[in-house]
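Q: In order, the protein sequences belong to chains H and Y.
The numbering of the first sequence is this note's numbering, which starts it at 1 and goes up by one.
The numbering of the second sequence is this note's numbering, which starts it at 1 and goes up by one.
Derived by calculation from the structure, the hints in this document are not laboratory data.
Among the hints, a few may not be true.
No copy labels: a pair is met if it fits in one copy or bridges any two.
Below are the SDA-like pairs computed for lysine to any residue, each with C-alpha atoms no more than 25 Å apart in a straight line [what the hints assert, rightly or not]:
| no. | residue 1 | residue 2 |
| --- | --- | --- |
| 1 | 310 | 91 |
| 2 | 310 | 186 |
| 3 | 310 | 361 |
| 4 | 310 | 359 |
| 5 | 310 | 374 |
| 6 | 310 | 145 |
| 7 | 310 | 362 |
| 8 | 310 | 17 |
| 9 | 310 | 60 |
| 10 | 310 | 274 |
2 protein chains.
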Amino acid sequence: MTGGAPAPPPAAGQAATSGPVHVVGTGLLGASVGLGLAGHGIVVTLEDPSPAAEAVAVQIGAGRRRAPQDADPELVVVAAPPDVTAAVVAEQLRRFPAATVTDLASVKAIILEELAQGGADLERYVGSHPMAGREKTGPAAGTADLFVGRPWVVAANPASRPQAVLRVRELASDLGAHPAYLTAAAHDRAVALVSHVPQVLSSLTARRLTEAEPGALELAGQGLRDMTRIAGSNAGLWSTILAGNGPAVAAVLRLVRADLDRAIAALEPGGQPANLGRTLVELSHLLSGGNAGAERIPGKHGGAKRQFDKVTVMVPDKPGELGRLFQEMGRIGVNLEDLSLEHGAGQLVGLAEIAVAQGAGAALAADLEEQGWRILR
Amino acid sequence: MTGGAPAPPPAAGQAATSGPVHVVGTGLLGASVGLGLAGHGIVVTLEDPSPAAEAVAVQIGAGRRRAPQDADPELVVVAAPPDVTAAVVAEQLRRFPAATVTDLASVKAIILEELAQGGADLERYVGSHPMAGREKTGPAAGTADLFVGRPWVVAANPASRPQAVLRVRELASDLGAHPAYLTAAAHDRAVALVSHVPQVLSSLTARRLTEAEPGALELAGQGLRDMTRIAGSNAGLWSTILAGNGPAVAAVLRLVRADLDRAIAALEPGGQPANLGRTLVELSHLLSGGNAGAERIPGKHGGAKRQFDKVTVMVPDKPGELGRLFQEMGRIGVNLEDLSLEHGAGQLVGLAEIAVAQGAGAALAADLEEQGWRILR
Numbered sequence: 001m002t003g004g005a006p007a008p009p010p011a012a013g014q015a016a017t018s019g020p021v022h023v024v025g026t027g028l029l030g031a032s033v034g035l036g037l038a039g040h041g042i043v044v045t046l047e048d049p050s051p052a053a054e055a056v057a058v059q060i061g062a063g064r065r066r067a068p069q070d071a072d073p074e075l076v077v078v079a080a081p082p083d084v085t086a087a088v089v090a091e092q093l094r095r096f097p098a099a100t101v102t103d104l105a106s107v108k109a110i111i112l113e114e115l116a117q118g119g120a121d122l123e124r125y126v127g128s129h130p131m132a133g134r135e136k137t138g139p140a141a142g143t144a145d146l147f148v149g150r151p152w153v154v155a156a157n158p159a160s161r162p163q164a165v166l167r168v169r170e171l172a173s174d175l176g177a178h179p180a181y182l183t184a185a186a187h188d189r190a191v192a193l194v195s196h197v198p199q200v201l202s203s204l205t206a207r208r209l210t211e212a213e214p215g216a217l218e219l220a221g222q223g224l225r226d227m228t229r230i231a232g233s234n235a236g237l238w239s240t241i242l243a244g245n246g247p248a249v250a251a252v253l254r255l256v257r258a259d260l261d262r263a264i265a266a267l268e269p270g271g272q273p274a275n276l277g278r279t280l281v282e283l284s285h286l287l288s289g290g291n292a293g294a295e296r297i298p299g300k301h302g303g304a305k306r307q308f309d310k311v312t313v314m315v316p317d318k319p320g321e322l323g324r325l326f327q328e329m330g331r332i333g334v335n336l337e338d339l340s341l342e343h344g345a346g347q348l349v350g351l352a353e354i355a356v357a358q359g360a361g362a363a364l365a366a367d368l369e370e371q372g373w374r375i376l377r
Numbered sequence: 001m002t003g004g005a006p007a008p009p010p011a012a013g014q015a016a017t018s019g020p021v022h023v024v025g026t027g028l029l030g031a032s033v034g035l036g037l038a039g040h041g042i043v044v045t046l047e048d049p050s051p052a053a054e055a056v057a058v059q060i061g062a063g064r065r066r067a068p069q070d071a072d073p074e075l076v077v078v079a080a081p082p083d084v085t086a087a088v089v090a091e092q093l094r095r096f097p098a099a100t101v102t103d104l105a106s107v108k109a110i111i112l113e114e115l116a117q118g119g120a121d122l123e124r125y126v127g128s129h130p131m132a133g134r135e136k137t138g139p140a141a142g143t144a145d146l147f148v149g150r151p152w153v154v155a156a157n158p159a160s161r162p163q164a165v166l167r168v169r170e171l172a173s174d175l176g177a178h179p180a181y182l183t184a185a186a187h188d189r190a191v192a193l194v195s196h197v198p199q200v201l202s203s204l205t206a207r208r209l210t211e212a213e214p215g216a217l218e219l220a221g222q223g224l225r226d227m228t229r230i231a232g233s234n235a236g237l238w239s240t241i242l243a244g245n246g247p248a249v250a251a252v253l254r255l256v257r258a259d260l261d262r263a264i265a266a267l268e269p270g271g272q273p274a275n276l277g278r279t280l281v282e283l284s285h286l287l288s289g290g291n292a293g294a295e296r297i298p299g300k301h302g303g304a305k306r307q308f309d310k311v312t313v314m315v316p317d318k319p320g321e322l323g324r325l326f327q328e329m330g331r332i333g334v335n336l337e338d339l340s341l342e343h344g345a346g347q348l349v350g351l352a353e354i355a356v357a358q359g360a361g362a363a364l365a366a367d368l369e370e371q372g373w374r375i376l377r
């Protein structure tokens with residue numbers, strides 16, 4: 001790893017947060033915050049409107065219930081559904097007049113607006129949003145590692161005190177996340193673009209498959225699978241997330257709609273010779289824009305995309321073959337950078353695409369070939 | 001492997017095709033057909049308007065140039081760009097009055113229509129479309145294995161002779177592909193749905209990223225990466241594919257546009273309490289449709305989705321760690337069904353999601369944990 005690699009998460013006991021920290025809402029995120037802080041020896045107290053969720057969180061070691069004689073917390077973390085977050089934040093600001101209060105909701109501007117309208121003490125409020133999650137939900141799925149290596153947006157408002165911002169930044173760092181500083185509005189525009197709009201378009205692509213004719217879906221390849229993976233997400237939860245960021249999501253979707261109109265207009269005359277030139281120029285323009293946008297997504301270390309050698313190996317789809325390939329690669333000791341597996345519908349074999357450092361691909365391919373593996377060149 | 005598994009591809013010399021086969025167009029697909037047939041000992045002759053492409057195909061063993069004294073082929077395979085395919089097919093039907101002629105273009109109805117209008121002998125024409133491809137193009141990327149395990153659409157027309165259909169079916173089977181029988185129109189609707197529309201929507205999603213504000217793309221996660229992977233595809237080639245299937249693609253895109261209008265209308269009032277209920281119901285309806293569509297995509301063996309146990313392992317992002325995990329799994333001898341790696345932007349660690357047979361997950365997790373790996377539960 002080069003010198004540009006991020007620092008490792010703080011070891012147990014090396015946290016900047018002193019606590020106590022009070023966590024309101026003990027679902028996946030709240031329980032994970034509690035577990036991570038408790039691992040540093042910080043005092044964590046918990047509450048949840050569901051006694052069952054609270055009991056599970058206590059049981060797994062995410063913290064303990066608040067007792068009447070407990071000192072006021074230094075920091076309150078509100079990990080509630082987005083539609084109740086503002087009310088809970090306002091209540092906690094009133095309840096603990098010296099505490100910094102943050103929330104973890106996936107939308108930020110609407111919550112800030114509601115707090116401002118309600119006259120909340122915005123000096124002690126700093127919104128935040130850890131970009132982490134799992135397919136599972138609930139406290140039992142909580143883990144101290146949930147935030148490690150993930151971006152954590154710290155969205156201060158103009159009234160936020162520097163000390164309050166620092167506390168939230170330290171919370172993110174103590175849990176191993178990478179703080180990113182954005183205003184509430186910039187956060188909402190950013191997540192609309194990189195998360196909410198992709199969710200809508202994945203769902204709308206998948207929705208069309210409900211009308212597929214017999215035999216059609218047997219032609220599906222890896223492209224469709226990738227495009228529709230997030231279409232499997234929880235519809236209820238995502239409706240709330242999207243509704244909370246309505247204006248920002250709608251703004252991007254209107255631009256997508258304008259592009260879609262252009263694509264439909266270009267496609268409708270089809271491949272008729274008279275229109276073919278115009279059709280091709282228009283489609284190529286739209287698709288090239290997609291090339292340029294995809295190129296901007298940072299690589300796995302948040303920097304520019306790194307260039308790798310790629311070696312594609314055919315893996316017979318029978319028990320143990322993939323394990324045998326892994327064993328082989330372990331033996332060769334190749335420094336694997338990435339790996340993806342592709343299985344088409346009805347496929348007898350899979351393709352494993354192995355990414356290694358530039359210059360190392362040829363030797364790996366030769367070595368695997370010598371051991372009897374078939375390499376796609 | 002259960003009894004439902006597809007048969008292995010025919011061993012060398014066990015092909016049903018007798019040949020000779022003439023391949024017109026020696027890019028990736030044509031060269032791969034030649035290599036696959038030559039591997040069965042079938043006589044393959046080649047031609048390409050580019051002398052360089054033809055020379056490379058001959059050099060890699062995909063066949064030899066046609067000589068004037070050669071017998072007429074039994075089967076002609078036209079592997080040309082979609083916009084010239086009909087003309088080349090018509091020419092080959094005239095040139096070899098007893099041969100069956102097929103093509104490999106990714107659109108079928110427009111070619112059939114053009115052939116019918118030109119008065120071609122449709123009795124000997126059977127269109128086809130192997131659902132295979134690679135990121136690389138050109139004859140040097142050709143491989144005898146390209147079609148193994150892939151669907152290969154055989155699109156007979158009403159005039160096609162049974163003997164001609166049989167020859168194309170045998171071609172697909174001899175190359176290890178799975179023949180699928182669809183009319184030209186049904187084929188075009190199916191690929192619009194599972195391939196062409198997803199390409200357009202991936203590109204339009206990615207195109208919006210060109211306008212991202214500073215800091216926004218650092219929040220990108222695996223969902224955006226999956227959604228925009230195919231947005232990196234060749235814009236020129238895809239413009240031709242989409243234009244050739246214009247009416248079918250436009251028909252699906254118009255339905256997507258109607259859904260998009262519903263989403264925008266639902267989102268615009270945003271999370272305002274007065275409209276919230278209607279917004280949530282409408283969004284939830286659209287997203288649930290996406291759930292249902294995604295659920296219909298067949299699993300990797302073309303049947304119903306199989307249920308696996310999934311074990312998620314945290315892999316420290318330093319040299320050799322992934323290799324060490326593979327070595328470990330090889331040692332354990334677990335029968336791996338699938339594997340996906342996730343790296344967020346700026347991430348210090350990666351998550352490896354390992355799919356194994358139902359019931360085998362707990363033991364694997366315990367075994368890995370014992371060896372010091374961290375398991376996300």
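Q: Against this structure, judge whether each hint is valid.
A: Against the structure, the hints come out as follows:
1. 310 - 91: Intra 54 Å, inter 40 Å, cutoff 25 Å: neither.
2. 310 - 186: neither (37 Å within a copy, 36 Å between copies)
3. 310 - 361: Close inside one copy (6 Å), not across copies (30 Å); limit 25 Å.
4. 310 - 359: within (10 Å within a copy, 34 Å between copies)
5. 310 - 374: within (14 Å within a copy, 28 Å between copies)
6. 310 - 145: Answer is between; shortest inter-copy Cα gap is 18 Å, intra-copy 30 Å.
7. 310 - 362: Answer is within; shortest intra-copy Cα gap is 9 Å, inter-copy 33 Å.
8. 310 - 17: Classified as neither; 43 Å inside a copy, 34 Å across copies.
9. 310 - 60: The answer is between: 21 Å across copies meets 25 Å, while 42 Å in one copy does not.
10. 310 - 274: neither (42 Å within a copy, 54 Å between copies)
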